[in-house]
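Modelling step: build the complete structure from the supplied sequences, incorporating the hints.
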Amino acid sequence: MLTLGIDIGSTTSKCILMEDGSRIIAKSLRIGGLGTEGPEEALQDLWNETSYTRDDVSRVIVTGYGRNKYEGADGEVSELTCHALGGRFIFPDLRTVIDIGGQDAKIITLNESGRMSNFVMNDKCAAGTGRFLDVMANILRMDIDDLDECASKSEKPASISSTCTVFAESEVISQLANGVSRPDLVAGICESVASRVSALARRAGVVPRVCMSGGVAKNSAVRHALEKNLETEISFDPMAQYFGAIGAALYGFRQLNK
Amino acid sequence: MAEEVKKPEEVKKPRKPLDPNSAKYKLGKIASDAFATAIEAKKQGKPVAWVSSNFPVEIPETLGLATAYPENQAAGIAARGAGERMCEVAEADGYSNDICAYARISLAYAKLKECPEQDVAMPDVLLCCNNICNCMIKWYENLSQELGIPMIMLDIPFNPDYEVSDAQVAYVTGQFWDAVHQLEDLFGLKWDDDKFQQVTGFSCRTSRAWLEATAQAKYIPSPFNGFDLLNHMAVMVTARGKEEAGEAMETLLKEYKQNHEKGESTFRAEEKHRVMFEGIACWPYLRATSRGLKDRGINMVTTIYADAFGFDYNSFDEMIRAYCSVPNAINLEKSRDKRIKLCKDNHVEGLLVHTNRSCKLWSGFMAEMSRQIGKECNIPVTSFDGDQADPRNFSEAQYDTRVQGLFEIMESNKESKEA
Numbered sequence: 001m002l003t004l005g006i007d008i009g010s011t012t013s014k015c016i017l018m019e020d021g022s023r024i025i026a027k028s029l030r031i032g033g034l035g036t037e038g039p040e041e042a043l044q045d046l047w048n049e050t051s052y053t054r055d056d057v058s059r060v061i062v063t064g065y066g067r068n069k070y071e072g073a074d075g076e077v078s079e080l081t082c083h084a085l086g087g088r089f090i091f092p093d094l095r096t097v098i099d100i101g102g103q104d105a106k107i108i109t110l111n112e113s114g115r116m117s118n119f120v121m122n123d124k125c126a127a128g129t130g131r132f133l134d135v136m137a138n139i140l141r142m143d144i145d146d147l148d149e150c151a152s153k154s155e156k157p158a159s160i161s162s163t164c165t166v167f168a169e170s171e172v173i174s175q176l177a178n179g180v181s182r183p184d185l186v187a188g189i190c191e192s193v194a195s196r197v198s199a200l201a202r203r204a205g206v207v208p209r210v211c212m213s214g215g216v217a218k219n220s221a222v223r224h225a226l227e228k229n230l231e232t233e234i235s236f237d238p239m240a241q242y243f244g245a246i247g248a249a250l251y252g253f254r255q256l257n258k
Numbered sequence: 001m002a003e004e005v006k007k008p009e010e011v012k013k014p015r016k017p018l019d020p021n022s023a024k025y026k027l028g029k030i031a032s033d034a035f036a037t038a039i040e041a042k043k044q045g046k047p048v049a050w051v052s053s054n055f056p057v058e059i060p061e062t063l064g065l066a067t068a069y070p071e072n073q074a075a076g077i078a079a080r081g082a083g084e085r086m087c088e089v090a091e092a093d094g095y096s097n098d099i100c101a102y103a104r105i106s107l108a109y110a111k112l113k114e115c116p117e118q119d120v121a122m123p124d125v126l127l128c129c130n131n132i133c134n135c136m137i138k139w140y141e142n143l144s145q146e147l148g149i150p151m152i153m154l155d156i157p158f159n160p161d162y163e164v165s166d167a168q169v170a171y172v173t174g175q176f177w178d179a180v181h182q183l184e185d186l187f188g189l190k191w192d193d194d195k196f197q198q199v200t201g202f203s204c205r206t207s208r209a210w211l212e213a214t215a216q217a218k219y220i221p222s223p224f225n226g227f228d229l230l231n232h233m234a235v236m237v238t239a240r241g242k243e244e245a246g247e248a249m250e251t252l253l254k255e256y257k258q259n260h261e262k263g264e265s266t267f268r269a270e271e272k273h274r275v276m277f278e279g280i281a282c283w284p285y286l287r288a289t290s291r292g293l294k295d296r297g298i299n300m301v302t303t304i305y306a307d308a309f310g311f312d313y314n315s316f317d318e319m320i321r322a323y324c325s326v327p328n329a330i331n332l333e334k335s336r337d338k339r340i341k342l343c344k345d346n347h348v349e350g351l352l353v354h355t356n357r358s359c360k361l362w363s364g365f366m367a368e369m370s371r372q373i374g375k376e377c378n379i380p381v382t383s384f385d386g387d388q389a390d391p392r393n394f395s396e397a398q399y400d401t402r403v404q405g406l407f408e409i410m411e412s413n414k415e416s417k418e419a
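Each protein sequence line maps, in turn, to chains A and B. Using our numbering, read the first sequence as starting at 1 and increasing by one per residue. Using our numbering, read the second sequence as starting at 1 and increasing by one per residue.
Some clues are possibly wrong.
[As the list claims (entries may be wrong)] Here are the simulated DSSO-like pairs of lysine-lysine, each with C-alpha atoms no more than 30 Å apart in a straight line: (1) 294(B) to 124(A); (2) 414(B) to 258(A); (3) 294(B) to 258(A); (4) 124(A) to 360(B); (5) 69(A) to 138(B); (6) 124(A) to 338(B); (7) 417(B) to 258(A); (8) 69(A) to 360(B); (9) 124(A) to 417(B).
These are computed hints drawn from the structure, not numbers from a lab.
Okay, structure coming up:
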């Protein structure tokens, strides 16, 4: 039995095709989330990669910021539940998910049996989200995916004291003008995100095993800063960005088997 | 648990005229009359007071002083969509948008002296009590300066202790009588002990009926939609010392009891889950916040915000203690315990916290308090950003995700229990 999970975020769209709720058949990711061609393109990539069509899929579940606007699914579930399910699929002893997405950050706690028991999300401010990194990468004229490597060359991470994205932008510009090196600035930016998210995580309560999900999970500088702040190991899987879509596909399977 | 993507379109039914014997009609009339009465008094050359919401209503009511409540007015203006316009007037005059939006709206009104969404009579005196918050003092001081009218301050400071001390009662009692004497001197009014006894009787009668009505949420399903309380509480703020308010609240109580007996409710959906709402209502988005819950079968059955305006007492001393014990004047432990009681009494399954950008005091300690409530009651907690009157501080998409997450946990908890 095939189920499809679609995660339409604010900046990317992800699809996961799953067989019997246990095996990932195919995945796809496109830049562009809600309000773009991203979801349809990601879906088309998935069909192109496999020999399946929509008719072969027993249930389609959509999640993410764009879930309410997408009309091609059989149901929708919040990204909170999906990240919990997807994370637990990859790490069976998972108890805490730190999800940093394009426009929000969430700490999701799971009970021993793997059910989501609580969550804490960021406030309206973009600090501590992927958008913050996006804006900073833009100022530094860097690709967001290169921040990680750049930060690894830092000798003394710069201190970014503003939590506001707009104020931090001018702070970074003035530090650049004062000759602070690019790696030190990038490392400081990553630590700033980690610091903000750590406060949220402490509020929620951090129980190991902890993992990261969402696009920012790929950034090891943020991940390591979080590990240092929270004094706990944070698991990472290359599929971290797909946890929401995996969770949606799993959710669809569980619904059919109730 | 998953939500079907296509929701049935809502068919709007024409509104039926309200039964004049219904609580909704009576309470609505009292709330609107409160504004009209003060406007009429002003026309007749009588003095009008602008009063903060938890100021002892017994004082102006006993003295026969016409009143208007700026917080109530600002809520009405915000609910009718004019919050941003009025806030911008105040901001253009230099008031920071970090200041309480009720204050900004009120200060804008003091300048414009009109707002079609909710006009009030202009004041001759300001009656300020800071048991609701300390921002109130500066707000009223500025009104006093701008309008050139006296301000009478009744200081009820935040109480860091669990109980109200005798010293605090003595401190507030002294100010109570000082406020009375100042008003007598200002407007030639005369305090009458018999009238005072009558007013306190009305106030307690109204409060008892109100608190008993809100307590009907102990039944499953609840005989009412908690959002009703947010509308009805206007009477508790503006008119609890009036005889007709007691009668209307008793009608409300009777209706809720009848609803329970008949298995009916004003919550127009199947009640799948029950939550406590924390904080002042997000008035500019009342429909969106209510609908986000109702569409998922979540009934907001209780909120401390509604119960905060019920003052029941048996003596002068108890009355003063009641005014010293309103939600924003008490410490975290006492605030927490009151809410835990509400959660347990009303079988609450989740807590939805409005992080109200206007109300720093209330929202500031909610992060820790809600954590403690969630732990003690073993319920999930979520919060959303918003504002009681400034629409620029709310995102419907963010609200929706948080409510859906809360719903999914409550569903999951229910499934676990049933299993």
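Outcome of the hint check:
1. 294(B) to 124(A): 24 Å, holds
2. 414(B) to 258(A): With a Cα-Cα distance of about 15 Å, the restraint between residue 414(B) and residue 258(A) holds, given a limit of 30 Å.
3. 294(B) to 258(A): 25 Å, holds
4. 124(A) to 360(B): Between residue 124(A) and residue 360(B) the Cα gap is close to 16 Å, so the pair holds against 30 Å.
5. 69(A) to 138(B): 45 Å, violated
6. 124(A) to 338(B): 29 Å, holds
7. 417(B) to 258(A): Holds, because 16 Å separates the two Cα atoms, which is no more than 30 Å.
8. 69(A) to 360(B): 34 Å, violated
9. 124(A) to 417(B): It is violated: about 34 Å lies between the C-alpha atoms, which goes past 30 Å.
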